[in-house]
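Below are the chains, spelled out letter by letter.
2 protein chains.
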Amino acid sequence: MEILVGRQHGAPNFAMRHYVVEPGGHTPHHSHDYEHEVIIIDGEADVTYGTSVHRIRAGDVLFIAPNQMHQFRNVGAGPLRFLCMVPTSFDCGKPTPGS
Amino acid sequence: MEILVGRQHGAPNFAMRHYVVEPGGHTPHHSHDYEHEVIIIDGEADVTYGTSVHRIRAGDVLFIAPNQMHQFRNVGAGPLRFLCMVPTSFDCGKPTPGS
Chain A
17 MEILVGRQHG APNFAMRHYV VEPGGHTPHH SHDYEHEVII IDGEADVTYG TSVHRIRAGD
77 VLFIAPNQMH QFRNVGAGPL RFLCMVPTSF DCGKPTPGS
Chain B
17 MEILVGRQHG APNFAMRHYV VEPGGHTPHH SHDYEHEVII IDGEADVTYG TSVHRIRAGD
77 VLFIAPNQMH QFRNVGAGPL RFLCMVPTSF DCGKPTPGS
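Top to bottom, those sequences are chains A and B. Adding 16 to a residue's 1-based position in the first sequence gives its number in the numbering used here. Adding 16 to a residue's 1-based position in the second sequence gives its number in the numbering used here.
Don't read these hints as lab results, they were simulated from the structure. Virtual Cβ for every residue (Gly too), placed ideally from N, Cα, C. Check each hint, because a few of them may be wrong.
[Unchecked claim] These stretches of chain B come out as covered by chain A in the derived footprint (C-beta under 8 Å, 3 or more residues):
#: 1; region: 22-29
#: 2; region: 49-56
#: 3; region: 79-89
#: 4; region: 96-105
[What the hints assert, rightly or not] If you only want the chain A side, here are some residues facing chain B, beta carbon under 8 Å, derived:
#: 5; residue: Val21
#: 6; residue: Ala27
#: 7; residue: Met32
#: 8; residue: Val77
Please construct the entire structure, taking both the sequences and the accompanying hints into account.
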């Protein structure tokens, strides 16, 4: 994960991060008390969101609400690349990890 | 401009918007009391930021701080396409236009 714009750059409200997941790889199956906004740049993935699974690909946009379980699983032949935005703080001021 | 994720979708902190500027076209030369985070998807532009001008192209990422004058001018042969993120509110709770 690479922080493209974040607190280190003076971003006051939200951070833009770039993720790469290799073929067969996946992100953690987890939830947290802040949202994601995601756009898929390259590749194909199965995204678990709550109890459902969605096949997504380059150009697709996702809003992952706070406290929803989610996971990105690369099901394509090449790297899965996406931007994932988060708020820089949550719970009344805690710094968001990776922001 | 198209709001990909915004207040209408329940976005609590920030919005993701998609802009297209035709060849020779430009966005307003203005400033406002909230930041932009931008990634260029397609094309080539001259971006005025304060008193400087930067040539940017697909893949470039910009942080435009609050209250900085800025403008995007398409200098390429094809459409300029970019994502532009803004907070959903500013000045202690005013809804951000286009969020």
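Comparing the hints with the structure gives:
no. : hint   : result
1   : 22-29  : holds (count 5)
2   : 49-56  : holds (count 4)
3   : 79-89  : holds (count 3)
4   : 96-105 : holds (count 3)
5   : Val21  : holds (5 Å)
6   : Ala27  : holds (6 Å)
7   : Met32  : holds (5 Å)
8   : Val77  : holds (5 Å)
This entry satisfies every hint, going by the numbered hints stated previously.
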